[in-house]
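Chains as they are written, first to last, in this note's numbering: chain A, 5 to 95; chain B, 1255 to 1379; chain C, 17 to 268.
No wet-lab data here; the hints were simulated from the structure.
One thing to keep in mind: the hints can contain errors.
[As the list claims (entries may be wrong)] Cross-link-like lysine to any residue pairs, in silico, SDA-like; alpha carbons within 25 angstroms at most:
1. B:LYS1323 x C:ARG68
2. A:LYS88 x A:ARG28
3. B:LYS1323 x C:MET207
Here the structure is a predicted model, which is why all the values come from computation and not from measurement.
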Amino acid sequence: MNGVVLVILFAAVVVLSTATAFTRDPGRQALVFGGYGLVLGVIMLALQAPDVALSQITVGAAIVPLIVLLTVMKCNRILAQHRKDQHREGG
Amino acid sequence: MLDAVLAWLPYAVAGWVLLVGCVGIVVSNNYVHAVVCLAVVQSATYLLLLAIGWEPHATAPVFGDISTKARVVDPVVQAMTLTDVVVGATVTALLLALTVQLAKRHGTLDPDEVRSLESDQDDHG
Amino acid sequence: MTARLAGRLVLLAAGVAGVGALLVVGFGALPSFGDVQHGYGVRAVAASLAHRAANTVGSVTFDQRAFDTMGEELIMFAAATSAVMLLRRMRDEEEQQARHDYGGEDVFGALRLTGAAFLPITLLVGCYVIAHGHLSPGGGFQGGVVLATGMHLAYLAGDYRVLERLRPSSLLDIAESGAVAGFLAVGLIGMGLTGSFLDNWVPLGTFGDLLSAGTVPILNGLVGIEVGAALVLLVARFLDQALLIRQEGEDA
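Model the full structure from these sequences, guided by the hints.
Here you go:
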């Protein structure tokens, strides 16, 4: 029984890590990465590592996706502004 | 059958996560994407370390409610993983801060468009 | 596909094949998953119980491998400080005042109430997780993260000004550096009293009590302060960059 749960969780890790690597849009990638972090946390619980799971779930599923999203917001605005500046200089 | 698969599956998964993260970095066209892929690469070490420490019919290495003679999984690998999770997040944050600087100074996040470390924007830099 | 990308993919394929082969060889020599031989684990458990720490992971992190943890802490301190410096407001940037008033009416009443109600609870949980790190799963690293997340529930509740009052940057800077210095000081006192750096020098107490395991709870507390302060400062800088700071001439 325990073994089946572990196999399912490892399969989920494979799927979500692959999805994270191949999600091109960073904003969407942050959300997939958050899901991946959550599954990693659950697998850590299943492997009898509650200490690690506690930090993984708070860091991997909350803090890191949050700062990635904030970075994406900031960069998108910078790049939009940059394009507008270039357009003004060109025309 | 299940036990035979489980004997090597966690190592295979750790190897897969490492390699798929590397592939993600190489084909990336955006530094934010590459940084997140690097975080995926790093998570392979968590899987590997915890897989090495696990054993069946053992509980978590916390003797709060259980007998001190109970069998527990290896706490050493857990301690290594634990610090790495939090420290890794800060290093990811540092890389993202560098990414924001890059966008400000070069106006691009595409690794192929960044030619030199000098600022492209003299009026802004 | 450009020639450059094609060349890169060929290199990538070679690299992945090579590393993959090395991994297969390396993992082949590892004991299989679920093997019950854990030489270090058994010794770490014995050493932890000898120092009356109920949470073996906490004992390994802050007692047996405390020197390694100090290194990790310094990496974290350096990374967080550099990131905060990189994200500070530059000379050619201005802070947008209007966004300071974000909050209040922008947010649903229920969400505000939930955020406000959860804020003290999460802060309390964070402190509990830090304080019981040597007894139950938890400790400085996890508790610090919980504290930092809890602080930002105030932001979810939609009151940026409440958050600003909650996180006086200069105080957090001092707390962060002070905690790192405290970690070093605990180690140095240990060196003075016992002859080895970061050796356990505080009375060990009774197994399972809040005051037990010697230096472990002290170091847990210091790391909790450091992690909490560093993450709050970091997330705050990212929030400022994303929501407040504009480059000169940029539209609001």
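Original post:
Is it true that the CA of LYS88 of chain A sits at most 25 angstroms from the CA of ARG28 of chain A?
Top reply: holds, 24 angstroms
Original post:
Within a Cα-Cα threshold of 25 angstroms, do LYS1323 of chain B and ARG68 of chain C meet the stated pairing?
Top reply: holds, 14 angstroms
Original post:
Given the hint that LYS1323 of chain B pairs with MET207 of chain C, does the C-alpha gap stay at or below 25 angstroms?
Top reply: Cα-Cα ~33 angstroms, so violated.
Taken one by one, the earlier hints fail for this structure only at number 3.
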